[in-house]
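Chemist: So the chains spell out like this:
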Amino acid sequence: MATISLDKVRKVYAGGVEAVKGVSIDIADGEFIVLVGPSGCGKSTLLRMIAGLEEISDGEIRIGDRVVNRVEPADRDIAMVFQNYALYPHMTVYNNLAYGLKNRGEPKDEIDKRVKEAARILEIGDFLDRKPRQLSGGQRQRVAMGRAIVRKPAAFLFDEPLSNLDAKLRVQMRIEIKRLQETLGTTSVYVTHDQLEAMTLAHRLVVLNHGRIEQIGTPLEVYEKPASTFVAGFIGSPAMNLIPVKAKDGRLHLESGEGLDAPDGFGAEHALLGVRPEDLQVDADGAENADALSLRMKVIAVEPVGAESYVHGRVAGVVDDVVVRVPAKAEFSAGAELNLKASRDRLHVFDAANGGRLNG
Amino acid sequence: MQTKRITFNNRWLPYLLVAPQLAITLVFFIWPASQALYQSVLREDAFGLSSEFVWFENFETLFDDPLYLSSFKVTLVFSAGTTLLSMGAALLLAVMADRVIRGSTFYKTFLIWPYAVAPAVAGVLWWFMFNPTIGILAYTMRQLGYDWNHTLNANDALLLIIIAAAWKQVSYNFLFFLAGLQAIPRSLIEAAAIDGAGPQKRFWTIVFPLLSPTAFFLMVVNIVYSFFETFAIVHATTAGGPGQATSILVYKVWRDGFVSLDLGGSAAQSVILMLIVISLTVVQFRFIERRVEY
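Line by line, the protein sequences give chains S and V.
For what it's worth, the UniProt record's numbering labels the leading residue of the first sequence as 1, then goes sequentially.
For what it's worth, the UniProt record's numbering labels the leading residue of the second sequence as 1, then goes sequentially.
The following block holds chain V by itself, in its conformation from the complex (with noise of 0.2 Å):
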């Protein structure tokens, strides 16, 4: 990309406009990072009145406490199903509500709703419909004979956190979405019936390949916010339980950071999270920023 040399006349200006996102940058990202990574180094007291330089330490009983190992695990499931949940299901309501003529804004603008809702009252919604005692969806399963209880039942649990994540996340995916099939020219679609290929197989043949830019970019950024963004919803339904059963990453770093108040510990989970959304932003720019074009 070839951009535009802009020469300014005053050699301060330039250093004067970037400076309140240098400085938002310093005070929020840059030395909160780096007292996490400095801490993550330290063995601290809980009053913090005494502090002990300990190199790696922290790491090694990370790694060594299967606690920490199954919250990796709990967070890639997690993820995982946030992720396919949110995904299959935007899709699914984009390529249907692209086919509606009538009425489609109306759908759109009630299919976006979810999107603004915070994630918190989207965990506590969740969490009364899902509610073994007065829940409506735990009192359909029971009828079906599903005994439904995601405080006893750890599998419960996780799928209430994905269900709730998932559906978050559905109104942003549905966007790009549909946005994606709406840029696919309609004489494409045409010509490809016109070679005799059927619905499903247009789908398949044409339009979901024209999609996989979009499809790509949605999972970076959905796996970013299961990872990242979900902690509200973890706290407002299942706060971790039942045991460490959902206990993700990011909702581990808290409770044991200002729970348990091992900060060293707590410190050192968030530098291997930092090294997480690094990784990810890395595959953000290598494949997405080169866009796709055809």
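Next up, chain S with everything else stripped away, as it sits in the complex (with noise of 0.2 Å):
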């Protein structure tokens, strides 16, 4: 159990590349924090510097209370799953289990003991006697847990460890993740570029892009505030819908001419709003409201997904399709014209030059 801290985190690479710049956060004890972003956002590099697989070219890293930016990996006290689970091909599960606890000189009773209780928690009992090469994903990828937690480190850090798994297992994975973290209580650092995952495991995400955080927060602050356009897009599917806007006296026109009064102390002269795909709806009389976003949408596809579906559209102005989630039942064709309407609460605003957000 151990807080970890981040202070100004520095990654330069010998070519010169700036993979994180500069990222502090403060992980609490027994917190699950997601780091989240696209492919070259700097969370790996960030994770295996946490681990001390890589070398800090800058700031400070602490687990605890003690700067581990010179401390060799094996003295972090921590425990990580890889993307691939790097299981040692050559061991059964058992050595597997007990090669960390080997190497840091417990008492053979103990090794077996913690590493059959490891193996009950994860219910890989049975394959104690087996080479990593006989197990399914799945059962390897418990393993690779079992490995974290029989050495009951500090912290666990993971590396997207649920992107080589099919769907399904995916999810029953996710859940045990969460509830193996809530069970021990361990401080966790988990790495992933699936938002769905980010979400749905972290107490706090950490939205990262081009190595810089652009958001720390709880899901659903980051999901119903995101702090700029980039967040926007990137947690949420699908995505939000960003709708370049101009301000002109006091109220924000739309390219088609359509327009909403602006948010009190707006200053920007051009913004983009974003508008969830659940918070549009399809609105029959079309009439104008002065307090809601108004768009004229002309279908071009509509994407089924079971419980409901997503109309894509074009809307005048609108460089991207404008995407609207409705009930499944709900029927439309392409190329008919809707009319869509948002009620203004639930409106982000952002601006178009930073991408930054400008309402509360």
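Check the hints yourself; a few may be wrong.
[Claimed, not checked] So the derived list for chain S, only partly shown, Cβ under 8 Å to chain V, looks like this:
id	residue
1	Ala51
2	Leu53
3	Ala74
4	Tyr88
5	His90
[Said to hold, decoys possible] Here are the computed distance ranges between Cβ atoms for each label pair:
id	chain 1	residue 1	chain 2	residue 2	range
6	S	Glu60	V	Val117	46 to 56 Å
7	S	Val171	V	Pro114	37 to 47 Å
8	S	Gly15	V	Ala183	46 to 56 Å
9	V	Ala183	S	Val171	46 to 56 Å
10	V	Ala183	S	Asp166	18 to 28 Å
11	V	Ala183	S	Gly16	29 to 39 Å
Everything labelled a hint here was simulated from the structure, so no lab data went into it.
Cβ coordinates follow ideal geometry from the N, Cα and C atoms, glycine included.
Hey, can you piece these two chains together into the complex? The hints should help.
Modeler: Take a look at the structure:
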């Protein structure tokens, strides 16, 4: 059990590429933090720096009260679950779990007790004599987790541990990881590019982009109040619609002419109006309302996903498709014109220049 | 393994396709091998004018001959020495090259070069360096108080051919070890580092076991090499001497047959060598072709 704190951590590679550009996070004891972002955003590098597998170019990382910048991975009291599991192929499952304890000179009966205990928790007791190659993907994943929990470390580090599993198993393992972390209460840092995984697992999310933190917050905070257009586009599926608007005389005008009152204290001339697909309603009469956003959309495709459907369409002046989430039984056909409405308090306003959030 | 069955329309085509390979095998292997088998039970005079069928007398003579038995021993020592030295050096170099980040292509290229050197040239190279009169290494050793003379000292001579033969094989082993090392996922080493294993421990508990299939393969290849492909090195450095101290089996076959003109005895020796090759091949097929997969 330990806190982890990162203070202005930077990573510059030999070629001059700056992968992590000054990241500060304070992770509470027992907290489940998910680092999420697109590939190349520096999330894995950051995790590997916490693990001690990458050198820290600048800044400070503390685990508990100790600065670990110059501490070997073995001495940081952390355990890591790798994307490819990194199980020792020539050792049995038992020895895979016991390896870390043996290296630390634990007595044999203690090792045996802890391996059996971990095997019981993860339900891999039947495979202890097998080699990793004789296990399925899900079983290997469990062994990898077992190797982490058997050492009772101060923190777990997960590097996209579920990305090699099929969709069904991924959901199952996701729930197990969550349950396991809740039971053990061990501080965890989890890296993923999958926003669904991030939302469901995290106590707090850290959204990274180009080596910088875009936003830190609980999954709902990040979803309800994305700090930037990047976060708005990354968290949530289908992504938030972003509609360019011009501010004039205290009102925001769409390219197509429709408008609505600008939020208080709004100063920018150009802005992006964000609206989630579920916040857009199909409105039969299409009457303009000063307090709501109204759009006219021409339907180009409908994607039924079972419980609901996503209607993709074009709105004048918006480059990307606008997506509306509708009940599954609603029927729309390509080419139809729809009037859409979104209530004002469901709108997100972003600065068109730097992408930052403008409304509270 | 499941191989696809291919059906040919013309029933002679498949035979035609394998004919070149069969012809080569027949002319260059089956025929000489059967000749060796046949001659090993004959006694022939030096001019080949008369021959006499003697059953296994040539073999009996061989195994009563202390020189032949000592040649066997020399070959075993030579083979073990060459294999150990070349594999050990290659593994060490491969581990170091694996760690090199800058200029690794440069190192690798230079480490591979000895393999391109002809065996006789390799032999002469080491012969010069160890030459008691003009050799730089012999001179250095004399300065250090060891009187190196492979022309008089049997152990020195054996060591010389071991070094020369191993040196040439290091490149080959190096390539395989390096490929083997690079095939080990980095995350395994990292996981072991997090699991509290230091570099030494990681090498012996993770890297080395994972390299063992490669090492076993190389061991067989190196034994075969030292048994059968080192004639030129021996011939160019010690010529089997002093006395018969470095006369390994293949060298003795040639010397007894073509210098001493004991054709029957030489043929019998080559039959024994053939049996050794066959058993090594069986080992290779049994244990190596059945790939160890993790």
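Chemist: If a hint holds in the structure, say so; if it does not, say that too.
Modeler: To see whether the hints hold, each was checked on the structure:
no.: 1; hint: Ala51; verdict: holds, 6 Å
no.: 2; hint: Leu53; verdict: holds, 5 Å
no.: 3; hint: Ala74; verdict: holds, 4 Å
no.: 4; hint: Tyr88; verdict: holds, 6 Å
no.: 5; hint: His90; verdict: holds, 5 Å
no.: 6; hint: S:Glu60 with V:Val117: 46 to 56 Å; verdict: holds, 54 Å
no.: 7; hint: S:Val171 with V:Pro114: 37 to 47 Å; verdict: violated, 56 Å
no.: 8; hint: S:Gly15 with V:Ala183: 46 to 56 Å; verdict: violated, 26 Å
no.: 9; hint: V:Ala183 with S:Val171: 46 to 56 Å; verdict: violated, 33 Å
no.: 10; hint: V:Ala183 with S:Asp166: 18 to 28 Å; verdict: holds, 26 Å
no.: 11; hint: V:Ala183 with S:Gly16: 29 to 39 Å; verdict: holds, 30 Å
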